[in-house]
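Protein sequence lines correspond, in order, to chains P and Y.
So in the numbering used here, spot 140 of the first sequence is number 140, and the numbers just go up one at a time.
So in the numbering used here, spot 113 of the second sequence is number 1113, and the numbers just go up one at a time.
What the hints contain is simulated information worked out from the structure, not anything from laboratory work.
Among the hints, erroneous ones may be present.
Stated by the list, open to error - What follows is a set of in silico ranges between Cβ atoms, one per label pair, in the way DEER data are often shown:
1. E23/P / R1188/Y: 21 to 31 Å
2. R163/P / G1130/Y: 16 to 26 Å
3. D151/P / A1225/Y: 45 to 55 Å
4. R68/P / A1242/Y: 52 to 62 Å
Quick reminder that beta carbons are idealized off the backbone N, C-alpha and C, glycines included.
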Amino acid sequence: MVAERRERALVRDAQGGSAEAFEQLFRSHWARAYRAALLVVGDSAAAEDIAQESFLAAVRALDRFDRRRPFGPWLHRIVVNRAIDWARARALRRENFGDGGPEPAAREREPSEHADELALGLAHLHPEQRAVIVLRYLLEYTPGEIARMLDLPRGTVNSRLRRGLDRLQEAVEGERT
Amino acid sequence: MKRAFDEMPIDADAEERAWAVVREAYRRREPVAPGSPIRPVFVLAAAAVAAVAAAGLSAPGRAVVNAVRKSIGIEGAQPALFKLPAPGRLLVSGAGGTWVVAADGSTRRLGAYSQASWSPHALFVVASTGNELATIEPATGRVHWQLARPAIGFPRWGGTRADTRIAYLTTDRLHVVAGDGTGDRRLRPSARVAPAWRPGTSRHVLAYVDIRGRLTIMNADRGVATRLSRPYRGVRDIAWSADGRTIALAARDEVVLFDLATGAAHVVRVGGVRVLAFAADGRLALMRGNGVLLVTRGHVRSLFSGPSTLAGLAWSPNGRWLLSSLPAADQWVFVQTRGGHRILAVSHIRRQFGSEPSLDGWAPEA
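Bound conformation, chain P alone (with noise of 0.2 Å):
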């Protein structure tokens, strides 16, 4: 709750013209913008572009930007469709995942096992369960709030996410034998 205020707060300065409280609002939220687009799209630089572009996106329609809401899911939204449009679109153009897995980003610290594991196994996955599957697990968004924000009905969400976990679960069995 205290949190929920606090982003409200730095909204409402970031809207009036406060660098510093939009720059902690870009800090906040970069880290899981950038992994959610990298889970989606299984690439570092597509990633960067999807999660940089996502912020202008907030830029241009910040003003608008209605304070009551919160703002991490408003990003999450914009971050995720645009993953999914250009995973669609390098489908469809046949630059498949390489090798099996994302290309690794320049490394801060080492990723875990499970990290490396859950990497190779969403690659498995088409970009519609990828998606649904970040949001609900790792950004841990309600079923009923992923469909408003991919614009799908609340079934649909529920039978990828159980298809999307039945492939996932097979791909990390596979990795790990």
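Let chain P serve as the given structure and place chain Y on it in line with the hints.
Just chain Y now, with coordinates in the frame of chain P:
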């Protein structure tokens, strides 16, 4: 799963690069009073100005960028592609199929292909979609031959008028087939980077990137590698100069120019380059993020920066114009690089081609 997400590595430089662009966009924005409408013209202008300010441009680059600021998505963009600014024929492909655009702006759809490239003398087109490779006459759309292979991508045609070869990738392999569709051979494992035929030679010399990220130059007829570089991380593109003396490689952190005669490698410390394109006179264009850089005799300068991410590069055959695409704005941008600094923007590309197409090459008139 949540723990794995939080443990995913983050490129700290990426955050700073993005912040530099986003900060400028924020700084240049003009807060509006509550309830007043946002003017689209201003929104686009803010983004364009932001990208310009973030680019850190050289003086010649700034002159061109100033022109971009005035034209891309702001004012002066033509509502449709009425004609090309230079002679030649443009090949484009996407979800709406493969198209040839003539200099007068007329278009011909060659079929439902998703990737394509010109033959060495632009007499034919090789195109692929899914599991099919086809060669097509651009003037009539007539298909000469087809070949079925799994997950075909990056078809590239090379050779002389008398004897040509087509290289392409399948899921995991480099293939080469003769220009008449015979003798298809499955060669070596390859990274998902378009192979490139060396121009200006009667031999069939092919460059590709192997799965370890090494630039490999091979005699395609004998299947023998003649040159091999050290491995590079995150290779996105390779391109030959028109005289076949230099080959450029775009890796994650640098662009490397290899001199074929001496074997020397000249490193240009520019990271994040996604597309390379040599002009006929040897100038090399590098596309990364929102901008294009120009390398001339080892000297790098900014050519222009757009308001959003660019996609693809194509030089006009006379080397005066460079074409790129702004998918987010549904626009193409023609940048004059010689004889002036004009910028021409064209809107509604998706409406004309059924999708945002990739730029597959700008060839001279047949």
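Q. Tell me, which hint numbers fail for this structure?
A. 1
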